[in-house]
Each structure stands twice: as C-alpha cells, then as structure tokens.
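For the protein sequence lines, the chains are A and B, in the order given. Letter 149 of the first sequence, counting from 1, is numbered 149 in the working numbering, and no numbers are missing. Letter 206 of the second sequence, counting from 1, is numbered 206 in the working numbering, and no numbers are missing.
Incorrect hints may appear among the rest.
[Claimed, not checked] Restricting the straight-line Cα-Cα distance to at most 30 Å, the calculated cross-link-like pairs of lysine-lysine (BS3-like) are: (1) Lys115(A) <-> Lys167(B); (2) Lys211(A) <-> Lys115(A); (3) Lys157(A) <-> Lys115(A); (4) Lys115(A) <-> Lys82(B); (5) Lys176(A) <-> Lys82(B); (6) Lys176(A) <-> Lys157(A); (7) Lys82(B) <-> Lys26(B); (8) Lys167(B) <-> Lys193(B); (9) Lys82(B) <-> Lys193(B); (10) Lys193(B) <-> Lys115(A).
What the hints contain is simulated information worked out from the structure, not anything from laboratory work.
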Amino acid sequence: MDWQLILDSFWPLLSGALIGTIPLTLISFAIGLVIALGVALLRMSANPVLSWIGRAYVSVIRGTPLLVQLFLIFYGLPSIGLTLDPWPSAVIAFSLNVGGYAAEIIRASILSVPKGQWEAGYTIGMSNVTTLRRIILPQAARVSVPPLSNTFISLVKDTSLASVILVTEMFKQAQKIASVTFEFMTLYLEAALIYWAICTVLAALQDRMEKRLDRYVAH
Amino acid sequence: MSRTDGPVLLQVEGLRKAFGDHEVLKGVDLEVRRGEVVALIGPSGSGKTTVLRSLNGLETPDQGTLAFDGGPSVDFGRGLAKQERFAIRDRSAMVFQHHNLFPHCTVLQNVIEGPVRVQGVPRAEAVAQADELLERVGLAAKRDAYPHELSGGQQQRVGIVRALALKPDLLLFDEPTSALDPELVGEVLVVMKELADEGWTMVVVTHELQFAREVADEVLFLDGGVVAERGAPSQIFTNPQNERTRRFLDRILRPFDRP
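So that you can see chain B by itself, here it is in the shape it has in the complex (with noise of 0.2 Å):
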C-alpha cells in the first residue's frame, strides 16, 4: 500500500500572510495524509517556512482555514484563540533549523521537558521512553552530557528525539540540514528515512533534493508566496511542467550549466 493512501491527517486551505506590505503567502493549500511525507521546496523567501510554522501555530497566518482529521477547522481569518492554538500546536512537534535545543539542560532533560512539564508523563516513564529513543538514534551514551557537547549532527538528532518523544500525530522539519557542515547531513537524513519508512507523517521544508527525491511522497513546489508545482517526486524532479521549478531545479541541480 503506497503511503498516500492513508486517511486525511491535515487539511490547510488559502492559508495568506503579509509582514506589513510584503506578502509572503498568497493563498497556500495542502494535504497531508496519515503516514505520507511532504516535502516543501523552493526558494528563499517563497514562504515554505511560513507554511511550516502555520502548522505549529508559530505563525499565525491573516486568512485561510487548517483542520485535523476531518475535523472542525480553525479559521485564521477569524484571528487564533489561545486554545486553538495550544491545540494546533499539540498535534505536531517541531524540529528547527537550529535545533534549539535548551543549552542549560543535559539531552535528556531536553527530551523528557515536554513529556513531563506539559503533557504530564510521569518521570520513569519518560526518562525510559526517552532512552529507548536516544538508543534509536545512537546518543544512548550522551544522554546525560549538555548540547554544546554534541557535534552538530548529534544536536540535531537530539532535536528530532525530542520532537518524537511529544508522540505528535505530525512531526515539522524546518530546513533540518542547512546549519549543519556537509559531512554531518547524512546522519540527520538517514534518521529522517527511517522514521518515513517507519510510517511517521512528516512535513519536511528542506533543500536537501536528493532527500525529497527519494523520501518524500508529495513534493509542493513553492515560489512568491504560491504553490507553483505540486506532484510526486518523480514527475517534479524528471518532468517539471511549470517553467519556474524548472529553472528553480537547474539551478540546485546543473549550477554551472549556463542557457
């Protein structure tokens, strides 16, 4: 069974933001289905980690609607009640570019944070859930050592377990690889390719192509605040249809090719 067969988990529809004139959304849709991964791409400034963060309720966009499992949906044009908020945000977890991880806790009080202080896990529960999960992504031994201990990569898988131990329904990746040196990427990657495989429903903004080529379900092309292209990955990485992902693409892909 494909992963897009799965039942709708998130349903956001004419999502539009403006920064005082600068538009950065003009009217955003997207459907994420149960156990799929998204990946969102373009370039800078196209709003992608606008979209993103909407879905986390870090952003709180002018206009559209966003709702969960076919569920009422919450209108942003109506302005974000702090309860629809808290309510957004409990669906999914977020992992940063900058992994943001508390430097003045050790990586497992970063993991067990959320679980205990917000969603009232008790704490042996936690920690144990919290092992087992650091062991996933090798840092079993560096549980107790502080984030500016760990190499990049380290913090940065660090960083999804902590997102992974909230068990969201939808786990965020805003550019999960772009502040890291290029030989510690793969190690993020590969963690991020099992938990696709393992059935996790991710969001991922990323401009790793290779990654939303070979993981990704649906790749969303956005560009200017749209979604220019929509598509699986592999008719939008072979076969571009629109004339913007296609130069967008051979500028990532063939930097030194020149019409």
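Isolated chain A, as found in the complex (with noise of 0.2 Å):
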C-alpha cells in the first residue's frame, strides 16, 4: 500500500465529496422530498386518474435502473433538443428516483397515523391540507425517519454513478487518480472509506434524530 499516494489523494478525493457529492446528496434528496410527497398524495387520492398517475410514476422509477435514468437524461435528452449539464443532470434524475422510492415510504408512514387523528383535526375546524400539515404530518415524519435514513444513505452511495455523466465527485476523482498511477486497489479502498464514513455520521444522526422525534412517544 502506497501511504504516501493515500496522503497525497485524500485532499482531491475529500474536495470531491464536498462539491460533489455531499451537494449532490443534499440537493437531490430536498427535491426528492416535495417530489415524493407530492407522488404520495396522488397515490392517495381518491380521484382513480391521479391516483393511476401516482403509481405509474413509482412503477417505473423502481422498475428502470438509476443508472439508466441518467443515461436518458444526460445522453438521451439532448437527440430531442434537450441538453443539460453534467450537475443538472444529475440533480433530476436523483430527485426523481429519491422522489419514486420515498414516496412509498411517506405513503405508508401517512397511513400509519390512526384516523381519529384526522378526524381530531377535522373536528377543530381543519381542513384537510391543515390537518395533514400540522396533525399527520409530524406524526408521519417519526414514522418515516428511519426508511427515509435508508434512502438517504443509498443516495450517497448512488452519487458515484454520476461519475459516468461527468460529474466531478468523489469517486470521479478516485478514478482520475487512479487512471494515471495506475493504483486502482488504494484509491478506490480510500474511495470506500470515505463513503463509508460518510455514511457511519449519517447513521449517528439518524440515531439522534429518531431519539429526539421519540419523546412525545409512550414507551
């Protein structure tokens, strides 16, 4: 193991976390976030055309692979005069994936929440949307915290597709690197820590954020 290499490529590869993929991650989740509620909420509803339109989006974002879906919007858009950026790119088609599996989970933790807190809400004088913003949904969001950690922490891992689109993150840098000192095994080892460490705050924060949601629950 070359340690200097390591010393050496730590800064470029950090600096590919901070302006790729840390950004990416938080950026695309955000979107990922209104999209999947918005998906959830057609789900649900009782009008059979949104409702279709709802399951048809999460069918065939978690039928196609994200890898797939990146292709289509960085390579494929520009043959129907649609040319967007490597960033750009990226952010959509993250966001439109996070919003598809997210939406099943917000969906089911909305669920979750028993009727007679709707009716709670109703009977106060809300209306739906304010029942659903100030009543289900905080109830809904402890419910959802951990399956939505999950989805967070894939999307992390998933930004190092972008490198195939030209993104410049972490792991594009690990490539670079590694492209021209020929030592694939150190820089996509050191690659893998940081995505892993990464990944193990994350976990902690999930962890402390489940405890703190947790407090108005009997126990």
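These two chains come separately, so use the hints to put the complex back together.
In structure tokens form, the structure reads like this:
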C-alpha cells in the first residue's frame, strides 16, 4: 500500500465529496422529498386518474435502473433537443429517483397515523390540508425517519454513478488519480472508506433524530 | 326553569345512512334545546355513534335534514357542500372515545391548536383561556406534559378541554368513558356533570346508564337504526314502554337475572 499516495490523494477525494457527493446528495434528497410527498398524495387520492399517475410514476422509477435513468437524461434528452449539463442532469435523475422510492415510504407513514387523528383535526375545524400539515405529517415524520434514512444513505453512495456522466464527485476524483497512478486498489479502497465514514456519521445523526422525535411517544 | 324549556338549538329530521348494503340509520329525528343534555343509549350497532358523528359532519347521512337555531336546514339528500360541512362543524365540538389527542403536541398545544390555528384567536388570549380551563378540570400542572404522560382519565379531561376551548354551541361525546379503566371513569363523568350543570348543551353517546339517568334531560334509546323510545330518564329507566328498551336495560342493569 502506497501511504504517500493515500495522503496525496486524500484532499482531492475529500474535495470531491465536498463539492460533489455531499451537495449532490443534499439537493437531490430535498427536491426528491418534495416530489415524493406529491406522488404519495397523488397515490392516495380518491380520484382514480390522479392515483393512477402516482402509481405509474412509482412503477417506472422503481422498475428501471438508476444508471439508465441518468443516461436517458444526460445522453438521451439531447437527441430531442434538450441538452443539460452534468450537474443538473444528475440532480434531476437523483431527485426523480428519490421521489419514487420515498413516495412509498411517505405514503405508508401517512397511512400509519390513526384515522382518529384526521378526525380530531377536522372536528377542531381544520381543513384537509391543515390537518395533514399540522397533525398528520409531524406524526408520519417519526415513522418515516428510519426508512428515509435508508434512502438517504443509499443516495450518498448512488451519487458515485454521476461519475459516468462526468460530474466531478468523489468517485470521479478517485478514478482520475487511479488512471494515472494505476493504484486502483489503493484509490478505490480509500474512496470506499470515505463513503463509509460519511454514512457512519449519517447513521449516528439518524439515531439522534429518532430519539428526538421519540420524546412524545409512550414507551 | 327546566333545561328543556330553552329555544331549539338543533333540529335533525329523517337521518338515513347506509354503509354498503347495511342500513345503519333508518330515519332518526332529534331535537336538542339550548342547555339540554341528550343521552343516546342502545346496543352496539344501533346507530347512535353514527347519529352523533353526523352532527359534526364526520359522517354524511344519505338522507335527512339538519338545522341550527331554526335557521335554513342542510339537506343531506342533496350532498354536503364543503361550506355546509364546515358550518355544521363550527357549531359543535367532539370528545372521542379514544380521546384522539395529538401525541406530538403538549397538553397546552392540543388545547390552543383549534382556537389559534382555525379561529384566529390571538395566542396569548388562547393560552390564558386554556390555562383557565385546565385549572378547572384540575390539570393546570400538566399543561406542558405530552398526552402519553397522562392517565386515561386525564387524557380524556384534556380531550374535553380541547373541545371546550372552541366555545362550541354544542358538545358531542362519543362514549367518552368506554375506553377507560373503571376507576378512571368517575373523574370524567364528574367533569361532564359540571358542564351540564353550567348549562352546556350536550349530546352524549354513553353506556353509563347511571350518568344518563342523573344528568340527561332526555334519553333516546336507539335500536336497529331507529329511535325505539325517547323520553325523560325517569320514564325510560323506571317505566320503559318499548319491549326492546326493557330488554336492553335488563341486560345491562340485571345481567345475572334470567327469565
């Protein structure tokens, strides 16, 4: 193992994480959650057309590989006249992808809140939307933290796929250095370790968030 | 003056409701005067809870009319417009069997949510009023607790305060003590009796026959989706006219007597 190379490449990899992996994850996850809430509400709609649209969206996103989705947006769309830079392409693909997976999580956690909570909101005069926002979503949030954390952690690692559409993120940096030093094992192990470190921190954060949201739940 | 002399607050006629093929209500009439306590009793499945929920717009009957204060009546047969539902709901507040407190909110937040968020009462005013109400039911010390930190009886008293804070014309109780341990029932019934004595108008679905007997001005016995018998509690409980009422009361009051 070439320790000097590990030291020398550490900063380029870390900066790849800081300007690529991490912001790409955060932005895509935030947008993805908004999409997911919308899709979840579509799926739960009493209107069969809206419900079908939500169902179809989830089906397409979950039924096709993320890599293919990335390629379609970055390499495919230009052929119909829509050329996007690598970064926006990646954000769009990851957001849409998170939207599909998280929609099912959000839907399930909304359904897990007892019906009586909706009724209690209604009887104090709240509309559907206010009840959802003030009463249901805060309770659904607690239920959805563990599965959404899974999605989030998966996304951190999935952003490495953005390297194939030329986004400068951590794995791309590792590939670049490896291709000139031929130290594939060293560089990819190093990248793996940094991914692992990031995910470990996230898992700890998840733990703290669950404890915080647990304060109003009987044990 | 008897509480039954007040002006008519709520007039309901011909409520019918079916869930699928199952007809739950087959034409129920109900009149509630201001300051009056009406108890709905009857076997499970008799439709009493459906009647109560209809009064708050939680169920939409298929047929029937409902009017407050002799005003224009809502005709359920024509379907219920959103505004109509909100208008109905605005007049009453509901106390649920399983309290349905918001578990992520403190006691105080539970109580002020409706006044502040829906009615637009200034927060400080709503808090002062909530504190006063909590004090009255002996829960001032619990204002910052979460619902799961309270006993069942305390939870239900908060449920009552949450309803009172809306200052409704009509309080609706859906078997408010059925989910409680027996030793906690009393503290809730005491609060309800005090409210009745203060002149709140109440419709109470209950299995607590003693409560109905002592507190209600009128008792409606529902069976199979119709009001089988109605009258003053003294009459219903001591001299029921209807055979089904008699059998129901016998089953509850004298469960071990076999004819």
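Hint-by-hint comparison with the structure:
no.	hint	verdict
1	Lys115(A) <-> Lys167(B)	holds (24 Å)
2	Lys211(A) <-> Lys115(A)	holds (25 Å)
3	Lys157(A) <-> Lys115(A)	violated (37 Å)
4	Lys115(A) <-> Lys82(B)	holds (20 Å)
5	Lys176(A) <-> Lys82(B)	violated (62 Å)
6	Lys176(A) <-> Lys157(A)	holds (18 Å)
7	Lys82(B) <-> Lys26(B)	holds (25 Å)
8	Lys167(B) <-> Lys193(B)	holds (17 Å)
9	Lys82(B) <-> Lys193(B)	violated (34 Å)
10	Lys193(B) <-> Lys115(A)	holds (29 Å)
Going through the hint list in order, the structure does not satisfy hints 3, 5 and 9.
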